[in-house]
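Q: Sequence order for the protein chains is Z and Y.
Its first residue numbered 1, the first sequence is counted upward by one per residue in the numbering used here.
Its first residue numbered 257, the second sequence is counted upward by one per residue in the numbering used here.
Quick caveat, the hints were computed from the structure, so don't treat them as lab data.
Where hints are given, some of them may not hold.
As the list claims (entries may be wrong) - Derived SDA-like pairs: lysine to any residue, alpha-carbon spacing no greater than 20 Å straight-line:
id: 1; chain 1: Z; residue 1: K126; chain 2: Y; residue 2: I462
id: 2; chain 1: Z; residue 1: K145; chain 2: Y; residue 2: I268
id: 3; chain 1: Y; residue 1: K596; chain 2: Z; residue 2: K169
id: 4; chain 1: Z; residue 1: K17; chain 2: Z; residue 2: G46
id: 5; chain 1: Z; residue 1: K17; chain 2: Z; residue 2: R35
id: 6; chain 1: Z; residue 1: K145; chain 2: Z; residue 2: G156
id: 7; chain 1: Y; residue 1: K596; chain 2: Z; residue 2: S155
id: 8; chain 1: Z; residue 1: K126; chain 2: Y; residue 2: L264
id: 9; chain 1: Z; residue 1: K145; chain 2: Y; residue 2: N597
id: 10; chain 1: Z; residue 1: K169; chain 2: Z; residue 2: Q158
id: 11; chain 1: Z; residue 1: K126; chain 2: Y; residue 2: K596
id: 12; chain 1: Z; residue 1: K198; chain 2: Z; residue 2: S153
id: 13; chain 1: Z; residue 1: K126; chain 2: Y; residue 2: I466
id: 14; chain 1: Z; residue 1: K126; chain 2: Y; residue 2: T470
Listed here are the chains, written in short residue letters.
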Amino acid sequence: MTSAGVGELAVEVSGIKKRYGSIEALRGASLRLYRGQVTALIGDNGAGKSTLVKAISGEVRPDEGRIAFNGELVALAGTGDSRRLGVETIYQDLALAPDLTVAENMFLGREVRVAGLAGRLGVLDKRTMQETARQILAELGIKLKSFNAPVRSLSGGQRQAIAVARAMKWARHAVLMDEPTAALGTLQRELVYNSIRKAVERNLAVLLISHDIPQMLRFADKIVVLRHGENVAEMNPKQVDLRQVVDAMLGEANPK
Amino acid sequence: MKTDESKLNRAISAISTQLLSATSFWMLALLMSLIITFGLISPNNVFLSANNMFTIALGVSQLGLISVGTCYLLGAGQLDISIGSNITLSSILCGKTVVALAGSPAEVAAGIYPNLNWALSAGALAAVASGATFGWLNGVLVTRLRLNSFIVTLATTGIGLGAALVISGGSNVPYIPRVVQTGFSNYRVGGVVPLPVLITIIVATILWFILRRTRYGTWTLAIGSSREASARAGIDVNRHILSLYILMGVLCGASAILDIARFASTNIGGHRLDALQAISAAVIGGTSLFGGTASVFGALVGALIPAVLGTGLVIIRTDPFYQLIIVGVIIIVAVFMDQKNRERNI
């Protein structure tokens, strides 16, 4: 993993506000994601973490604020826009189609087609997609018994690792992850964290929402804490301990 | 060389594992054993004659078309139970168009059709256009109003049948030219294969290719497998579902043409069970009721099994009503196998 501050700025978000009726989900939140760095986004339930990720991925339209990818301001009308601009998002609920194969999932919506008229009619180049998918999984060290089996037959960790692999294949700037390991056991988590490390090695910026603070202290290069929709702290995990992070997260509500 | 061999062995073992877990494979085995059994016990092996085989296939050609369409819809997690009403309405409009354009009312009543070719082309077009519009309406209601497909198509079952009865006055369209039966439905390509059977085989082959080899097919199954994952992957889910209902409608229109051609008549009361038969055929053939998995040739096998049973039981002089019971059991076995496959893979 690269050390903090080395990479260029991949995603810059500032002054994001989002209101749902009477609830203010985000009250001017900001974030800077650097290439080759893992940023952990931490906060209590309702702190606005998921809303902030959704704003960057284009799933939610902020009421106010600026979002820039690779130094350029962007206006996102949907998740398709962020993906086109090189920012991929991985969701907690394993956003794969369980009946499709690994390759079909990896290329879903961005299929490789054969050349010529047949390609324009939508005929797929399955061999190229399979070979590419196989190559990416080999790089990530993910071994599968059968490559043509539906994704449903894989373990939760393998599935989430495939989601990471897919994001790595397509992301040019950053990968956003909303609790990618929440539903997984210890070994399965390790598989996913290994995949994330590979994404970082590829000089992508990684944003990780997680409730697993001890793990984030070991894994992340930077910890950003949100409370009530606002940034309350930005920490270097090597210089803080669990207590300090929890204090920042819970603020005055935290009984000493 | 050795690597090639081991690759080949791996491929063979992967294919055989997939085959043995596929419902469609077991249903094909069942179909073949039924055919062989009836062939052996029928007098003079008459069941196995090419003539009998193609007569059975002819009877299934319409069901084959709509079963394949149903396999696409179920694959995408959708249901269309208005198929029968769509076919009835499309065939009435087709028949009315042919009769209106073939000649003057007096000529047509006398069996004289001066504008026959033009009238038949316009009739076929009317059937397909009517079917597609009916399908489009289902699709719009499902996608734009976000209504459940079962409820939408339950409602349009009544609307479509009602419209067909209003237009036809409740009776079949008279004076349809007999040539549609003699020159089309009874025509045998190469003196052997009935034209409607060939049409169904060609359409099914094209739709098999689209499902297995194109982006359209992948998206269909992706939507049935996880609508959310598909939308997040950038697929316009609503537009795709709408196109699937239109495809189903076009197949209903084509089925209406085959229907009229079969007896040179419309068949107002004969399509009430079409949707259930098509769903049964698709499910027997390995298409999942849960979406995400579909087999075009499985649907054809699923359409053939009840027909083979029906004819076979008559030929061996057993009560053909047993067919209903046996098909019911087969459906339960097919769905159970699908469920087991899914549980094993979770």
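Q: Within a Cα-Cα threshold of 20 Å, do Z/K126 and Y/I466 meet the stated pairing?
A: Distance ~13 Å between Z/K126 and Y/I466 Cα, so the pair holds.
Q: Quick one, are Z/K169 and Z/Q158 close enough, alpha carbons at most 20 Å?
A: Roughly 16 Å between the alpha carbons, so the hint for Z/K169 and Z/Q158 holds.
Q: Need the status of pair Z/K145, Y/N597: alpha-carbon distance at most 20 Å?
A: holds, 17 Å
Q: Is the Cα-Cα distance between Z/K17 and Z/R35 20 Å or less?
A: violated, 25 Å
Q: If you draw a straight line from the CA of Z/K126 to the CA of Y/K596, is it 20 Å or shorter?
A: Violated. Z/K126 to Y/K596 sits at ~28 Å, over the 20 Å cutoff.
Q: Between Z/K198 and Z/S153, does the CA-CA distance stay at or below 20 Å?
A: At roughly 24 Å apart (the allowed maximum being 20 Å), Z/S153 and Z/K198 break the hint.
Q: CA of Y/K596 to CA of Z/K169, is that 20 Å or under?
A: Between Y/K596 and Z/K169 the Cα gap is close to 34 Å, so the pair fails against 20 Å, i.e. violated.
Q: For Z/K145 and Z/G156, compute the direct alpha-carbon distance and say whether it is at most 20 Å.
A: Judged against 20 Å, a Cα distance of about 15 Å means the pair holds.
Q: Please verify whether Z/K126 and Y/T470 have alpha carbons no more than 20 Å apart.
A: Roughly 9 Å between the alpha carbons, so the hint for Z/K126 and Y/T470 holds.
Q: What's the verdict on Z/K126 and Y/L264, does the C-alpha distance respect the 20 Å limit or exceed it?
A: holds, 19 Å
Q: Holds or violated: Z/K145 with Y/I268, Cα cutoff 20 Å?
A: Answer holds: Z/K145 to Y/I268 is near 15 Å, not above 20 Å.
Q: Does the structure keep Z/K17 and Z/G46 at a Cα separation of 20 Å or less?
A: Holds, because 14 Å separates the two Cα atoms, which is no more than 20 Å.
Checked against the numbered hints given earlier, this structure breaks hints 3, 5, 11, 12; the rest are met.
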